[in-house]
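Student: Working from the sequences, and respecting the hints, build out all of it.
Here the sequence shown stands for residues -25 to -1, 1 to 292, where the numbers follow mature numbering (1 follows the signal peptide of the UniProt record, and there is no 0).
Hints are computed from structural coordinates only; laboratory data are not their basis. Owing to the predicted nature of the structure, the values given are computational and were not obtained by experimental measurement. Any given hint might turn out to be false.
[As the list claims (entries may be wrong)] Taking CB as the label site, the calculated pair distances span: (1) Arg199 <-> Lys269: 22 to 28 Å; (2) Glu134 <-> Pro254: 40 to 46 Å; (3) Thr69 <-> Leu106: 30 to 36 Å; (4) Gly96 <-> Asp236: 40 to 46 Å; (5) Ile109 <-> Ala247: 33 to 39 Å; (6) Arg199 <-> Met252: 36 to 42 Å; (7) Thr225 <-> Glu8: 27 to 33 Å; (8) Ala131 <-> Arg292: 25 to 31 Å; (9) Thr69 <-> Asp263: 45 to 51 Å; (10) Arg274 <-> Glu176: 34 to 40 Å; (11) Val156 <-> Thr225: 16 to 22 Å.
Quick reminder that beta carbons are idealized off the backbone N, C-alpha and C, glycines included.
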Amino acid sequence: MAQASSWKRAAAALAVCFLAATASAQTATRKVEPQRVSPSAWLVQGDAALGTSANRNFISNAGFVVTPAGVVVIDALGSPQLARELLEAIARITPQPVTHVVVTHYHADHIYGLQEFRGRGAKIVAHRAALEYIHSDTAATRLQASRAELGPWIDARTELVTPDQWLDGPGELVVGGTRLVLQPVGPAHTPEDLVVFLPGERVLFAGDLVFRGRIPFVGQADSRQWIAALDTLVKMDALVVVPGHGALSTSARADMELTRDYLAFLRQAMGAAARDMEPFEEAYARTDWSRFEKLPLFRAANRMNAYNTYLLMERQR
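Tutor: This is the structure we're talking about:
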């Protein structure tokens, strides 16, 4: 089991390397600018792109919740420099310190800023399922590759940070009288998927279970479990959803269903091919992708998503 999990992580890392190599340089640098999404909650939105030195690996979202006793951050962005800019932006909004950072999952674009928060005294919270990856050769290899691909933003000083607090099941975090629900929903996009719900304001921080306005990165994810996780999120009845990538969603059900429908389409198309023992290239060529082909990153990610789903469906048939 451990060897299989390690193989999946290694394949995912290689996929990310491949995607990064195909990315074109960005000419404009996006700023870390918080957007208010509710009385207490804020969003910082990254580029709808692949990570490059030009965009500073600012390709994912982060969120934070301001309370009377401190700030809870959700995800740490893709480099220490971005995390420093996020801390500066938070300081312009409130004098309260960052007390906690909740990690939705341990993908590079969400975690390489963690060391900056820990250096300011924040506690890092994540699901225990991330432990195997954190101490794996795959994680070390991915960090080494990022130093080469994403310098100077990722360099020899960039660390892979181990959490201070582990979750083994559902939990909550109460800071300054503000209650946040921490809900594990993996394995889905990753084994350690964790979402954060602010019930008093019906704000859901969904991590990479929800991609808005772009093709998801499926990697070695179990799409069947991912679809089930999205069904769980829909039942939480959020008013707004902060996705792991893309703009704020005020049509929570519709946007979650877009990700869900893409995954379901992959499973249907590639599942039929695997069942009929049709070669992947033939199945991919005959599939009608018109519903999704205009979404950002379709050309970069869709073939790999389809191939990984084809392999998954061969195992699940």
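Student: Next, verify each hint and record whether it holds.
Tutor: Hint by hint, here is what the structure shows:
Arg199 and Lys269 have their C-beta atoms about 26 Å apart, which keeps the hinted 22 to 28 Å range intact. Separation of Glu134 from Pro254 is about 44 Å and conforms to the stated range, judged on CB atoms against 40 to 46 Å. For the pair Thr69 and Leu106, the beta carbons lie near 32 Å from each other, so the given range of 30 to 36 Å is met. Distance hint check: the CB atoms of Gly96 and Asp236 are about 43 Å apart, consistent with the given range 40 to 46 Å.
Taking 33 to 39 Å as the suggested C-beta distance range, the pair Ile109 and Ala247 conforms, at roughly 38 Å. A beta carbon spacing of about 21 Å between Arg199 and Met252 contradicts the range 36 to 42 Å that was offered as a hint. Checked against the hint of 27 to 33 Å, the pair Thr225 and Glu8 fails, with Cβ atoms roughly 19 Å apart. Against the hinted window of 25 to 31 Å, the Cβ-Cβ separation of Ala131 and Arg292 comes to about 46 Å, which falls outside the hint.
Checking the proposed 45 to 51 Å range against Thr69 and Asp263 shows it holds: the Cβ atoms sit about 49 Å from each other. Take Arg274 and Glu176: their Cβ atoms lie about 38 Å apart, and the range 34 to 40 Å holds. About 20 Å separates the C-beta atoms of Val156 and Thr225, a value consistent with the hinted range of 16 to 22 Å.
Hints 6, 7 and 8 from the earlier list are contradicted by this structure; the remaining hints agree with it.
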